[in-house]
Amino acid sequence: MLKEKYKDEIDSILSRYPVKRSALIPLLYLAQRDEGFVSEAAMKEIAGLLRLTPPQVYETATFYTMLNLKRVGKFHLQVCKSLMCALAGSDTVIGWVKTKLGIGPGETTADGLFTLSAVECLAACGTAPMMQVNEDYYERLTEERFDRVLADLKRDGTCQLKTGPFMWPLPAPPAR
Amino acid sequence: MATTTTETVRLTIDGIPISVPKGTLVIEAARRVGVMVPHFCYHPKLKPDANCRMCLVEVEKMPKLQTSCSTLATEGMAVRTATTVVHDAHKSVLEFILANHPLDCPVCDQGGKCDLQDFSHEYTATSRFIETKRIFQKEYFSPLIETQMNRCVQCLRCVRYCDEVMDVKALAPVGRGTMTEIKSFGAHPLDCEFCGGCVQICPVGAITSRLSMYEYRPWMLKRADTVCTFCGDGCQITVQTKDQELIEVNSAQGAGRNSGDLCARGFFGFHAASHPSRVTHPLIRRNGVLVEATWEEALEFVAEQTNRLKLAHGPHAFGGLITGRCTNEELYLFQKFMRLTIGTNNLDSSARYGHVNGVQAMRMVQGTHRWTVTFEDIVQADVLLLVGTNITEANPITGLKVKEAVKKHGATLLTIEAIQAAVGTISNISNLSEQHFCVAPSQFGAAVLGLLKAVVESNYVDSAISQRASDYVLAVSQAVQQLTWNDLALDTGISRESFVQMAAALTGGRRVVALAGQTLLRSQGSYGICLNLLDLLLLTGKLTAQGCGFAPLAEENNDQGAVEMGAVAALLPGALDLTDQDARTQIARVWKEDLPLAAGATLIEMIDRAQAGIIKGLFVIGENPVGSLPPQIGAKEALGKLDLLVCQELFLTETAELAHVVLPAASAMEKAGTFTNTEGHVQAVRPAIDPVGDSRPDWEILSAISVFMGAPLEYSEAKEILKEIRAVIPGYGSLGPSPIPPAVDRVAVDRYVNEGYRQDLTTRYTLPARAMRPEGTVQLGLVQSLFHSGKLSTHSKGLLQIEPSGFLQMNPVDAARFGLETGDRVRLSNGRGEFTTTAKVFDRVPEGLAWFPDHFAQAALRLFDCAVDPDTKVPYCRTASVSVMKTT
Amino acid sequence: MLGSGGVTVMEEGTDMVWAALRLMEFFYHESCGKCSPCREGSSWLVQTMRRIVAKRGQMEDLETLVHLCKNIEGRTVCAFGDASVAPIMSTLKHWRPEYVALIQAAEAANLIKLEPAAARH
Amino acid sequence: MTLKTWIKTITLYDLLVGMKTTMSHMLHYKPITLQYPHEKRTLPDNYRGMLALLRYEDGTEKCVGCDLCEAACPSRVIRVVSAEVPGEPTKRYSKEYYMDMTRCLFCGLCVDACPVDALGMTREFEWSVYDKRQLHLNKEQLLAIGDRSFPVREKQLELQHPNVAFFNVAFKHLPQKPG
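These protein sequences, in sequence, are chains A, B, C and D. Here the first sequence is numbered in the numbering used here, starting from 45 and rising by one per residue. Here the second sequence is numbered in the numbering used here, starting from 4 and rising by one per residue. Here the third sequence is numbered in the numbering used here, starting from 45 and rising by one per residue. Here the fourth sequence is numbered in the numbering used here, starting from 612 and rising by one per residue.
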């Protein structure tokens, strides 16, 4: 259960908001981080924590596409398909996924590693085409870079090429 | 009364000038001048949401079209609803709404009464939509409420109703954009209060009742406005029938005391009348078995036996019991029959099970037998004190008034209740309360005493009363000084600070209403607790103030009527004392005969007298003492000894099975008359169907028996009896749409503060015995379920779908202690017997208590003991200490 | 003003109908579903645009598109509805020939003429 | 009144104009009497004869029990008792269907009213009986008439298009949205 596992974090989230209900989305994120998706049990638990009814939690969870209600692969590739990325070739990126991993949007590879979603604008139009893997951005994708991302993810679970997400202006580079 | 603003604004709608109170919405103002602006999402009960965009109107000096459902009327506003621009806007919005609508009117139950259908006709909307419509896959089917989201127009009325009015929040719009659908939770069927509000409020056929699905078309139905029989709230329902078949119940917005809101019992419980096991022919016991007979045979038998017994043993060898589900006319005729034709005061009604406590307390202190407040006062109250009401389940519509007061008007809700705050599928009043004391029913008295002590010690006593009745105030003060905070804390688990805080909230209110419910009225010592509550109001000066009062809630629909009609042993029609000479003369003048003077026996006394062989004949109308009292009382044996037991019944109950004659009675769906609801509002009952089989209304049966006995009480219709009631109680039942409650009788209050309080003050102001709870036991309580009412509703197929049987409901902590989980079999036992049932873990049950619904408690009854109130003779048999054991 | 991408610079040869569809799909996805014109309108517009891009459009569709856009505009709760019709309104205004060309291609391919309630299987 | 109209009036000119067709038939037409039981007239396609209930290609009843024929009927011929198909939630059908043909005036309004074309008018007209009660037809009899008069049947609605599938499909059988 979330409550035992993340007691401190839940308390700090709850203390952030004057109205309890406002903590709903952060808690749903927490649940998603825990399991990779928001399960029914988690939604019921969050309802109990916030003194909402389960349908009220469910309504929020289904509204936001960033919250997965079904199990997804270990790496959730979210390729932006909005106009700017599409102009820069996001359809090609989806094509690469299809040829290299054999999955279309909404599908998961047989080994359960990758799930592809075609999503709407991720607010990185300047560096299109881009994709988001779990919570990291990979921008200015070329086939070579894309291959490297996939290989690194498979091998290390992370990749050096990740670039964000950043708020504008860019944060100062970490001091060495 | 409601404080209405007198400030008005003037505006014109389509050139028609009108002045409306400030704050009125344009759509409402338009309705007043007879302009109907089409709408889906607007509903007078709900806050404006303006999501359907159907009600666009043109307002002068505003650049864009405005939604009339969310625009407030302002001074000098000029609204136009009939221009081409507006018409085009309506038409285009309708085209959007219809785009994804399946247009399956022919198979939709709403067809014929559908807003979307009507507007489509009005605007002859044609669609240019040639794409494939969106289709929601159906995942599940709810037991009683059918959702067909393809038809949904996403007006969210159901969601808002569920939240704003019912406070259940069981529905939510799920998904986004055009794929929004109304769902409960995930792929689970709807699990909620089943109030049917969403069905009623849905403007299209997206949410329909499954109970009568596809069986009718609106134009085939005949309607009858009548009153629901499932609790004391007296909701007006419209029963719709098709060829003598009960099809549907609904309630029109604004109609009756409930203003269109219903609970599961009212909305889905109507099938009780058409249950196949109804008794449809008179039955006479011949050679030990009940066999069918004709009405003539049965009536002749009853009359002959009655006359024989009366001749042999005198009139006091008879007794009579009647249920509070009968109409006022029947209750009146019953007591007239018993008092006049038979000649005894041995008569009682189901008000004796608890409602009498509240009424007698009111008569004692404030001199009225009715509330001095109305539902409107509850809505307008700023402090509400609920003691042992479990209001959302026992009296759901009064509960709605409380919810409205809290949610819409910001009233302070104080509750003393054996319930824990918990989010659940059924609304829980303690979730809304500002301050909640969770105490066991046996300690309600202690909690009230704690409040009194806090009032006295914090000097919250009203100065007027201390001046007027210093002796009384002194006596009460001294009495509460005897109690220690320590004892109170031990009994109730509530600290002095909490008591003081609640007392402060109570005293600070301007309009204070105290409600007492069944949990209180049927628990031991409740007459005294009611008096203490009245003391509390009196001391804080809230008894006589405007909009303040004490309101005991009736369990059965006409318990209040039973008291007012004199269908209890000690009271005459008008709830006057049997010994009141003026009343006796007045009644004797109408009846043209004298009334018996000897004090009558009450329910338990009658059973005892039958046991002792003093009572030889008993008339039982719809009452079931064998089934509803614990076997310890020996009702079965006592009734077995009778020479004549006549039952007028709908079903062959445990009592009817012992009867010598069973006469088939008509249910409330089949007869005319009036019901008096818990607040004393008299409403008309109208027949929706003809009596089933050979059954007859109870008053007709009584009248016929009296004719056969040679002392006719003849009436040709129920209205004639009402006329006679009005002769006895002037003006009865002609209260009009909004009743004016009686005022507190100053003389009676004076009598009470000078004299009346003395007789039992010391007994009332002692703490109840502390509940001993040995290890391995729980306090088992019989409770009222939201989905049932008495035993009658267990014949209703709709309600049985929601709650088919009883469960032992237990707190999770207790359940863990006994190693129980939902669905486990559990054996309850104590010195009196044992009983096996299924457990259900339920987090609203307080620790140490366990609940079992009264409606299925037949086998559980033997665990209970029965104590009889010394003053009001009410049998208390709702709690018992039992040990719990898991079995297989 | 072309949607929420702020200012977008596109290549000379970009298919503007396709671009409008992409923008419209964004708006369709983002429409919250509260008020009817935006909820139903955006889905309708997207479906029609998809059909036109897939060369299954017909001349009446252009008129319908304009009508729908005008019906959404100014009748919604928030400004999202107003914004959501901008891509189609402006592309139809400035690049109408591209639409017409696509539809003419559809007609040339002699695809089955669509009838209401008898759309593609 | 002019002379011309006066002459027209006394020579009954208008009447003659009206009777022109009749007069010409008297002169030119052959007798059209048919030796009825032995020879029968070919009836036009839109002949409004006996009513019948129809089925789909796969033999399922078309009728969805919507009661609209009952509502449309001016002489109260039809009585429909509709219900949910047992075991198929949300699918509506007519549990019972009665027609009292003694009252029918063959106006065809019921056929027009039917949203799923479940009613048809056959070209049967030889329905004279000795006992009126034989003209009280139930669902089986009406379906039998349909079976013998309409050998060619339509496809199921949901196979025609998902947009009209709501009428006669229980939800578990709803076709998936294409594309």
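If you're looking for bench data, these hints aren't it; they were derived computationally from the structure. Some hints here could point you the wrong way.
Chain B is nowhere near these chain D residues, computed Cβ spacing over 10 Å in every case [claimed, not checked]:
| id | residue |
| --- | --- |
| 1 | D678 |
| 2 | E681 |
| 3 | D742 |
| 4 | L770 |
Beta-carbon label-pair distances, calculated as ranges [as the list claims (entries may be wrong)]:
| id | chain 1 | residue 1 | chain 2 | residue 2 | range |
| --- | --- | --- | --- | --- | --- |
| 5 | D | Q767 | B | T127 | 25 to 33 Å |
| 6 | C | E56 | A | G170 | 16 to 24 Å |
| 7 | D | Q767 | A | R60 | 52 to 60 Å |
| 8 | A | G201 | B | P47 | 43 to 51 Å |
| 9 | A | G148 | B | P47 | 47 to 55 Å |
| 10 | B | E850 | D | A682 | 40 to 48 Å |
| 11 | A | G148 | C | E151 | 25 to 33 Å |
| 12 | D | P700 | A | S59 | 41 to 49 Å |
| 13 | B | E248 | D | A682 | 48 to 56 Å |
| 14 | D | Q767 | C | E151 | 54 to 62 Å |
Using N, Cα and C, we set each Cβ at its ideal position, and we do this for glycine too.
*Taking the numbered hints from earlier one at a time, note which ones the structure violates and give those numbers from smallest to largest.*
1, 2, 8, 10, 13, 14
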